[in-house]
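Undergrad: So you can see what is in the structure, the chains are spelled out below.
There are 2 protein chains.
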Amino acid sequence: VNIDGKAYRTIWLGADGWSVEIIDQTKLPHELAFATLKTAEDAGRAILTMQVRGAPLIGAMAAYGVCLALRQDGSDEALDQAIATLAKQRPTAVNLRWALEEMRAAVRNLPRDKRLSAAYQRAAEIADADVLTNRAIGVHGAKLIEAMAARKRPGERVNVLTHCNAGWLACVDRGTALSPIYEAYDGGTALHVWVDETRPRNQGASLTAFELGAHGVPYTVIVDNAGGHLMQQGLVDMCIVGADRVAANGDVANKIGTYLKALAAKDNGVPFYVAMPHSTIDWTIAVGKDIPIEERSAEEVLTMSGRSKDGKVVQVEIAAPGSPARNDAFDVTPARLITGLITERGVCQASRDGLRSLYPERG
Amino acid sequence: VNIDGKAYRTIWLGADGWSVEIIDQTKLPHELAFATLKTAEDAGRAILTMQVRGAPLIGAMAAYGVCLALRQDGSDEALDQAIATLAKQRPTAVNLRWALEEMRAAVRNLPRDKRLSAAYQRAAEIADADVLTNRAIGVHGAKLIEAMAARKRPGERVNVLTHCNAGWLACVDRGTALSPIYEAYDGGTALHVWVDETRPRNQGASLTAFELGAHGVPYTVIVDNAGGHLMQQGLVDMCIVGADRVAANGDVANKIGTYLKALAAKDNGVPFYVAMPHSTIDWTIAVGKDIPIEERSAEEVLTMSGRSKDGKVVQVEIAAPGSPARNDAFDVTPARLITGLITERGVCQASRDGLRSLYPERG
Numbered sequence: 001v002n003i004d005g006k007a008y009r010t011i012w013l014g015a016d017g018w019s020v021e022i023i024d025q026t027k028l029p030h031e032l033a034f035a036t037l038k039t040a041e042d043a044g045r046a047i048l049t050m051q052v053r054g055a056p057l058i059g060a061m062a063a064y065g066v067c068l069a070l071r072q073d074g075s076d077e078a079l080d081q082a083i084a085t086l087a088k089q090r091p092t093a094v095n096l097r098w099a100l101e102e103m104r105a106a107v108r109n110l111p112r113d114k115r116l117s118a119a120y121q122r123a124a125e126i127a128d129a130d131v132l133t134n135r136a137i138g139v140h141g142a143k144l145i146e147a148m149a150a151r152k153r154p155g156e157r158v159n160v161l162t163h164c165n166a167g168w169l170a171c172v173d174r175g176t177a178l179s180p181i182y183e184a185y186d187g188g189t190a191l192h193v194w195v196d197e198t199r200p201r202n203q204g205a206s207l208t209a210f211e212l213g214a215h216g217v218p219y220t221v222i223v224d225n226a227g228g229h230l231m232q233q234g235l236v237d238m239c240i241v242g243a244d245r246v247a248a249n250g251d252v253a254n255k256i257g258t259y260l261k262a263l264a265a266k267d268n269g270v271p272f273y274v275a276m277p278h279s280t281i282d283w284t285i286a287v288g289k290d291i292p293i294e295e296r297s298a299e300e301v302l303t304m305s306g307r308s309k310d311g312k313v314v315q316v317e318i319a320a321p322g323s324p325a326r327n328d329a330f331d332v333t334p335a336r337l338i339t340g341l342i343t344e345r346g347v348c349q350a351s352r353d354g355l356r357s358l359y360p361e362r363g
Numbered sequence: 364v365n366i367d368g369k370a371y372r373t374i375w376l377g378a379d380g381w382s383v384e385i386i387d388q389t390k391l392p393h394e395l396a397f398a399t400l401k402t403a404e405d406a407g408r409a410i411l412t413m414q415v416r417g418a419p420l421i422g423a424m425a426a427y428g429v430c431l432a433l434r435q436d437g438s439d440e441a442l443d444q445a446i447a448t449l450a451k452q453r454p455t456a457v458n459l460r461w462a463l464e465e466m467r468a469a470v471r472n473l474p475r476d477k478r479l480s481a482a483y484q485r486a487a488e489i490a491d492a493d494v495l496t497n498r499a500i501g502v503h504g505a506k507l508i509e510a511m512a513a514r515k516r517p518g519e520r521v522n523v524l525t526h527c528n529a530g531w532l533a534c535v536d537r538g539t540a541l542s543p544i545y546e547a548y549d550g551g552t553a554l555h556v557w558v559d560e561t562r563p564r565n566q567g568a569s570l571t572a573f574e575l576g577a578h579g580v581p582y583t584v585i586v587d588n589a590g591g592h593l594m595q596q597g598l599v600d601m602c603i604v605g606a607d608r609v610a611a612n613g614d615v616a617n618k619i620g621t622y623l624k625a626l627a628a629k630d631n632g633v634p635f636y637v638a639m640p641h642s643t644i645d646w647t648i649a650v651g652k653d654i655p656i657e658e659r660s661a662e663e664v665l666t667m668s669g670r671s672k673d674g675k676v677v678q679v680e681i682a683a684p685g686s687p688a689r690n691d692a693f694d695v696t697p698a699r700l701i702t703g704l705i706t707e708r709g710v711c712q713a714s715r716d717g718l719r720s721l722y723p724e725r726g
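Going down the list, the sequences are from chains A and B. Using our numbering, you'd call the opening residue of the first sequence number 1 and step up by one each time. Using our numbering, you'd call the opening residue of the second sequence number 364 and step up by one each time.
It is worth saying that the hints were derived from the structure and are not from the lab. Every residue, glycine too, gets a C-beta built ideally from N, C-alpha and C. Be aware that a few hints might be false.
What the hints assert, rightly or not - FRET-style restraints, in silico, Cβ to Cβ:
(1) B/R659 x A/K38: 42 to 52 Å
(2) B/Y722 x A/E299: 22 to 32 Å
(3) A/K6 x B/T647: 29 to 39 Å
(4) A/G311 x B/P517: 50 to 60 Å
(5) A/R157 x B/P684: 57 to 67 Å
(6) A/V94 x B/G597: 24 to 34 Å
(7) B/T647 x A/P321: 51 to 61 Å
Take these sequences, add in the hints, and give me the full structure.
TA: Structure representation (structure tokens):
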């Protein structure tokens, strides 16, 4: 994805060929800052403090963190120690542990002098695999946007609504829900994105708005309350959201509020798509209501951070003092409300049969 | 409604019998401050700066503003001047103009020495009429909450979800959507209120949370995204919201996001009620889609005000710099999603026939 016309990933190797550079996402959206990581400690801190966030990106960061550790000490003990420390930084991130085990397998049986180059090679493969997966999602999803564009009159744009940030910034490049948007936009399709603010953490207004704007995609920020009204007014042609977990029957757990938008889409005949890689499908969970929903701190609801007039980023209390709050992070959108699932293998119905048609090996 | 156990209205006469005291709502929810108004200019400023807000309260404030003007000068010229000036403070507020014409009619044909007492009497009637209307809404609506409570097991509370602020602070006392809640709570019904934050202006998290908390009603603030999930989990027994305008067929225009909650209520079998006085019904508008929807400034979406760590109330930018935003203030909830309308005359179906049954004189 581009920033002011120059292509960026969220993580890449420095000019020295070994240090790791990242976009420091804790500074977004108010400042575009970069960080250079030279040690495993730097990598661990980047994960812990959410300089990098999003499951695929955390995985790639951890992989490069192992590389940096091996540069310091190539012993088995140091490798075990680095993997254990990196794994602790975000205890619930499945991709983090997966990437670390991949790195362990890649170097374990090699002599010390071969380990470093093998590690960098495997880390690059992990990063590149994410980009390829997301590009494939983009190609399949862009066809849906382009089909919608073909029905528009000259001068009309396709209006896509998205919720939260399932974009480039959560991945190594392109994103999941936003990948079809980038693909269609880069291919010349006239489109415009309605960006749900996505309270309580505002990933839409901050991250999605930032990355669409940086790449040049036309967008408008709206509050989470507005999507239904816009659909009633005929101002939304389709919805594309990401997923945190997909059950085997096609029910989708995603950022809180996704279910409300899916209801409005159904009520107004607006197609509602969920874009995600196969790794998001949890074949062990039969139906959505069995997906555990994380409850997060009340503080996220009761406060908001932003940039004050003097340019400083501050946190402010927004609710009546002493208010209790509840903060469920996700909700479950039933498969019956979902028009289709967009994966790296194509588009399928949100159903057991639909998923089986794309992933027969899991059938 | 009580604040720390002491009964308050939002507007009342001072101990001197003529000055007007109000709760300064610009300081809420972070500070409970009062203001004493002694001139028509004070009253105009209170309306303009939103020290008082909410259609019924603005009407009562304007009525007392005419009293204060007459104290200064009882002439016809001064009366006309005061009414013209007060009317300009909020150009679209229908109640404001209605109250001012009521005041003009009450004093116009009286000799100057009778005008002041007649004015104070009419202003008190306008304020009291609002309280009586709201109390009647409360009594009718409380029966619905009590019926729900009767189906609960011992120790269980009725969970009511509300959106925006249709409470005491928008009226002289009790409110519309919140009046049934106060009535049921004061009558000993065990209940708990889910308070939608209500972006972009946060009237839920600030005003509704403040007034429920002050009166002692148990509540929890949630983001606007959360209500659907809570309904799926069986944690919402009923919804009660206010209305900005009701069409003759029972369609309801209310704060943006109301429609999404009504969809979720329907999808989960949760009763969805709208509480409003008859003055909110617009008999000249046949169906909801003919209700004009105000579009407000993008700044309300892109910024948020709150209290910083040093205790000052500041405004912060929350979106990616340079983001465009769209800000429709209301949406229309179709009558098919509404279980019933709660008015001062009782509860009716949200339909032309339902409204006719309560207001046969308009049939």
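Undergrad: Determine for every hint whether it applies to the structure shown.
TA: Results of checking the hints against the structure:
no.: 1; hint: B/R659 x A/K38: 42 to 52 Å; verdict: holds, 49 Å
no.: 2; hint: B/Y722 x A/E299: 22 to 32 Å; verdict: violated, 47 Å
no.: 3; hint: A/K6 x B/T647: 29 to 39 Å; verdict: violated, 57 Å
no.: 4; hint: A/G311 x B/P517: 50 to 60 Å; verdict: holds, 56 Å
no.: 5; hint: A/R157 x B/P684: 57 to 67 Å; verdict: violated, 23 Å
no.: 6; hint: A/V94 x B/G597: 24 to 34 Å; verdict: holds, 29 Å
no.: 7; hint: B/T647 x A/P321: 51 to 61 Å; verdict: violated, 43 Å
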